[in-house]
Amino acid sequence: MSGLTVTGAVVRYGELVAVDEVDLAVAPGEIVALLGASGSGKSSLLRGIAGLEPLVAGEIRWNDENLANTAVHKRGFGMMFQDGQLFNHLTVEGNVAYGLYREPKSVRRVRVAELLEVVGLAGYGKRRVTELSGGQGQRVALARSLAPRPRLLLLDEPLSALDRNLREHLVGVLGDALRATGTTAIYVTHDQDEAFALADRVGVMAAGRMLQLDPPDVLWRHPRTQEVAAFLGYAPFIAGGLSQRLGGPAVEAGELVGIGPAGLLPDPAGSMLAIIEQRYLRGEVLVDLRLPDGQLATARMPEKVSHHDLAVTLDPAGCVRVPVA
Amino acid sequence: MLAVLIPIGFLSIFFAWPVAGLVGRGFVVDGAFSLDGVRDVLSASRTWRIIGQTLGQAVVGTAVAVLLGIPGAYLLYRCRFPGRGLLRAIVSVPFVLPTVVVGVAFRSLFTAQGPLGWLGLDESFAAIVVALVFFNYSVIVRTVGALWSRLDPRAAEAATSLGASPLRVFLTVTLPAIAPAVLSGASLVFLFCASAFGIVMVMGGVRFGTIETEIWYQTTQLLDLPAAAALSIVQLVVVVTALLIAGRARARAEHALRLRGDDTAERPWQARRDWAPTAITAALIVLLLGVPMVNLVLRSFATADGWGWRNYELLSTDGAGSLAVPVWTAAVNSLVIASQASLIAVLLGVLVSLVASRRPRRPSLAAGVRLLDGVFMLPLGVSAVTVGFGFLITLNRPPFDLRTSPILIPIAQAIVALPLVVRTLLPVLRAIDPRQREAAAMLGSGPGRVLATIDAALALRGLGLAVGFAFATSLGEFGATSFLSRPDHPTLPVVIFRLIGRPGTDNFGMALAASVILAVLTAAVMAAAELVRPKEAEL
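Chain order of the listed sequences is A and B.
Using the working numbering, read the first sequence as starting at 303 and increasing by one per residue.
Using the working numbering, read the second sequence as starting at 243 and increasing by one per residue.
It is worth saying that the hints were derived from the structure and are not from the lab.
Misleading hints may appear alongside valid ones.
Stretches of chain B that chain A covers, calculated by requiring three or more beta carbons in the stretch to come under 8 Å of a beta carbon on chain A [as the list claims (entries may be wrong)]:
id, segment
1, 668 to 680
2, 696 to 708
Pair by pair, the computed Cβ-Cβ distance ranges are [said to hold, decoys possible]:
id, chain 1, residue 1, chain 2, residue 2, range
3, A, Ala415, B, Phe323, 42 to 50 Å
4, B, Pro418, A, Arg430, 36 to 44 Å
5, A, Pro330, B, Pro689, 23 to 31 Å
6, A, Val358, B, Gly298, 54 to 62 Å
By construction, the Cβ of each residue, glycine as well, lies at the ideal position given by its N, Cα and C atoms.
Work out the full structure: start from the sequences and follow the hints.
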């Protein structure tokens, strides 16, 4: 097996089991995103792979080499931290060059310039890191972690401390930088958009377990459980009979239909549902409707609806079938 | 591992063993265990008068320092105004002044011929308390101010918006919030007051003794070692009790504080709002801090026939037979000894701080680190006199016959300076986010390189100040040194004390001049330390 192989990994903090028998394989050049709420164990898994947390059970291998007795600094892995953890006593250049100390000076200088170019900070080398903005700081952190050419880069929510616009911009920078350098990476985030934008495969974690690990489109179209579907934004979950009455898909016994964000379409020939509330979200109007079974479902409309009810139909392409939890 | 063993070994030999030997001496009479020695001392009415004197002086001194220090902390740390940095520097000078110098400065103020001689306070309780407040004022200002400057102002704003008057806001919101700092500052000041030696020796004469001076008196004048040992035990009990009570009170007062990382909690000075603390602090700086220092310098130039350098010229003589060596020789001794002591204290302090700043995952190791931290603070509580006396009675025979060795004084001074060094370095090292070390490790650095490029690089910033504190402390150290120094090889504080105890205006004049020299040396050391220290904003 080439690349990273994690089998049965368990990380524990005292009584708390943070990572509960997780398996994970990452091929060379692949980017895997780990998605989960806070406390789901995704960061602990990352720290376990890095060697910063001891594994209570399980195994971490790179190619065929077992890393159990390999110290953190000898694993050849890099990590990018949520708050950068830049060294304030060094310049931008000093930070980026920190991991290159075994290289001759000429090589170091070239490599530092090259990476500052990659992250769009060419010419910033002499600045003090305390003078940088949050976004610039994270770009330096990225350049620093890429500089020693880690065989695996671990990114621990690197953008979550930044505001939304900057985050959306930097996801692009990050993705380009990772692909341009051909870096194998594991990217931990609680932001689904980031994960789907960057990753070749996305893993969903909850309570220390890996619920599903698939390419983004497979994950989105075929969530394996109701928990995964709910985490991705499918809601509410309705019985098959109701789904069919609203024009949605039929299901087998023991299954429910999850309504996706674009699952309810306005249709004059559809069923009339009472409007509970309407609100704006980024230029669209979200209309909360009362379903016959009492649950709330949300339809997207270009503008506010002036009636007390709305005729809708379910779009089978916007719904998923999942087993009852 | 070595980082743990070296300091522990050093402290065992040069601190634990002498103190233990001392305690043992109190309980052993004619080779058998006995409580007689202690009982004799405790049944003497003189002892109880001295204990009462010690506690009374410490309680009053602490109370006054706290009452005056809180407005000072407000003005110098919560308000922003031009010249604040200079004022902060001026206020912090007395704490690093050698206690003997403080004693001489106030003595020359209150003595019958002094400018305040008409108050009749020479060798009085009040004069000693004033000198103690002078010495400890900055401790309260600094500990309380450091917390206050980062206290989130919005809680007080919320109280004001609910209709509370400024006084009510202070009493119900601000004071409870700064209580931990007030208590921790107060317990430190109490400790310093209760173990004050140099100030009391110079100012108290025979009438006002404390436990510390009594130990010295019993040892060097009456040669009653068991009595001195018993008194040392009493002092140990007083100190430990004070520390325990303070620790309990602090634990109760410490609740989750909302602090700001930066100093945005400061606000510009406003005459209408801030006049009261400003008036108190200004009066205090001029009267309590300014007058004694200016008076000391002026009087050092006063001679029988007008102003002149005569007192300074006399420093190269033996004071008409009062001294075994000229004062300048003693000054050189002091500098040499202080260099050796600082070297020892800083080396040990760096090792201890590195170990104590670790946060091991294993509970047993974590407990070990906490213990180490506490053990190295002990010399702060156990008085310098106890250390000096302990050396005197334990290190004078094999296996450590160092009685005549010139290294004994630097070692004793290093023990006294060690807690200050650790207290300066430790916060800097503790402030390092452990993930900084993780980040370095993730970039391929082994433990050695992490230590060199992260811990050491950042600790260097505190090192200048630590060296300064160590040097200033040993330069002015009097308690332990007064037991250990030989007449032909005295330090500057010892010489000053000897001069002030001799009759004659020349001797008094020389004491003043020597005090000025010692104060200038100390101030120069601290100024140099401040210069090499980066601005606090970068820490």
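Hint by hint, here is what the structure shows:
{"no.": "1", "hint": "668 to 680", "in the structure": "holds (count 4)"}
{"no.": "2", "hint": "696 to 708", "in the structure": "holds (count 3)"}
{"no.": "3", "hint": "A:Ala415 / B:Phe323: 42 to 50 Å", "in the structure": "46 Å, holds"}
{"no.": "4", "hint": "B:Pro418 / A:Arg430: 36 to 44 Å", "in the structure": "39 Å, holds"}
{"no.": "5", "hint": "A:Pro330 / B:Pro689: 23 to 31 Å", "in the structure": "29 Å, holds"}
{"no.": "6", "hint": "A:Val358 / B:Gly298: 54 to 62 Å", "in the structure": "59 Å, holds"}
Against the hints set out earlier in the document, no violation occurs for any number.
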